[in-house]
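Enquirer: Sequence:
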Amino acid sequence: MILLSIIKRPFLLLFLLWPLIFGQDNNSSSLLLTSQQDLDICKSAVYILQNDLPKRTSKKISKKLSKQVRRVKKGLKIKKRYYNTDCESIDCVVEDMGKTKATHAFVLDNNVNTLGTDKGIVLRELLYDFNSDKLKPTAQFDLLLLLGLLEDYPKMNLELSSHTDTRGLDSYNLDLSQRRANSVVKWLTDNGVNPDRLEAVGYGESSPAKITSQQEDLYPFLKEGDILTIDYINSLGSTENQNTAHALNRRTEVSITNTGFRNIMGGSIDLMLLDLDKNVLLSEVSTDFIGSNKDIYSRIENMSSELVANFAIDKCKRGFGLLFIPIIILGGGAGYYAYTEIMSEESGIGDPPILPEDCCGK
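For the sequence shown, my numbering begins at 4 and goes up steadily by one.
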């Protein structure tokens, strides 16, 4: 769809190619947006950032990831695998890789945790139209994710909870969040799920979001563990930063409401390809996840295939690799993807799109 949008809008292709044609600072840590570049990803490494998964799970993920990228790119060599590290962001990956001969690294960042009655996850793509309980088309993936989970575990019950930002009347936000949660439940029941297995709860603005490590990486002015209360948001200074924090508060969460499901995990997964020599992020794919250990392995394998497939070389050799377009999906919370709107004429590339507040100022 992105490629079709570019074809229909030639000026967008020129915009993306502009840095390549007229030069670009190769030492920049910003995303590299080029149509063709001298790529040699054949000496790479796999790096699993610090996470809450068991060590054996991280180790197996690193093996699965290594095997899959070698399958997609014939002759690609994985120089080293890192899976039990204290590194929490890509900033320390380059330093750790200094002792290897790898030129690129496949870096996996995730905040996947075991789900339970006391712990839920945010589904980042469950977004709604402004001041509305109508789901956006982008919600389709996460809705299908929930549907598949409920089909795989027919005795599982879920709570779908919706949250608004702190702007607007308390009573209005409470009603809006309830209607939004109801819309998710309706979609699931319309697709065959027994309504007795689902509970829709609207919390309005009463439960502010807690910042994750991935959100801290994406928004440096936020710190992991911070609670996005109105006082905290007002202390951020710039209007842009405040709007970002408000957007992260607007979210839908899923939790399991009955016991007996010990091995179900959920969270977000980001897989990145990093140029170690230039300290440049070449490409990234991101997804929400709910499922078992087996499911997470297959999901990461699919993500690695998608990531490597962006580069149009099917076997390793020196020369030019063709990166047709930057297929980049950066994760935030509550469906807040910084580059999802890269084709939007309203949002500038490089700036996360500002989502509208839910309603009326107090």
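Mixed in with the good hints, there may be bad ones.
Cross-link-like lysine-lysine pairs, in silico, DSS-like; alpha carbons within 30 Å at most [said to hold, decoys possible]: (1) K213 to K82; (2) K67 to K83; (3) K62 to K82; (4) K281 to K297; (5) K83 to K104; (6) K189 to K226; (7) K63 to K158.
The calculated label-pair distances, taken between Cβ atoms and stated as ranges, are [to be verified]: (8) K62 to K104: 35 to 41 Å; (9) K104 to N197: 30 to 36 Å; (10) S238 to N87: 25 to 31 Å; (11) R182 to R265: 19 to 25 Å; (12) N134 to K58: 20 to 26 Å; (13) D193 to D155: 37 to 43 Å; (14) R59 to T242: 45 to 51 Å; (15) K297 to N134: 29 to 35 Å.
For the record, the hints were derived by calculation from the structure and aren't laboratory data.
We put the beta carbon where it would ideally sit given N, CA and C, even for glycine.
Enquirer: Broken hints, numbered, in rising order?
Expert: 1, 4, 6, 8, 9, 10, 11, 12, 13, 15
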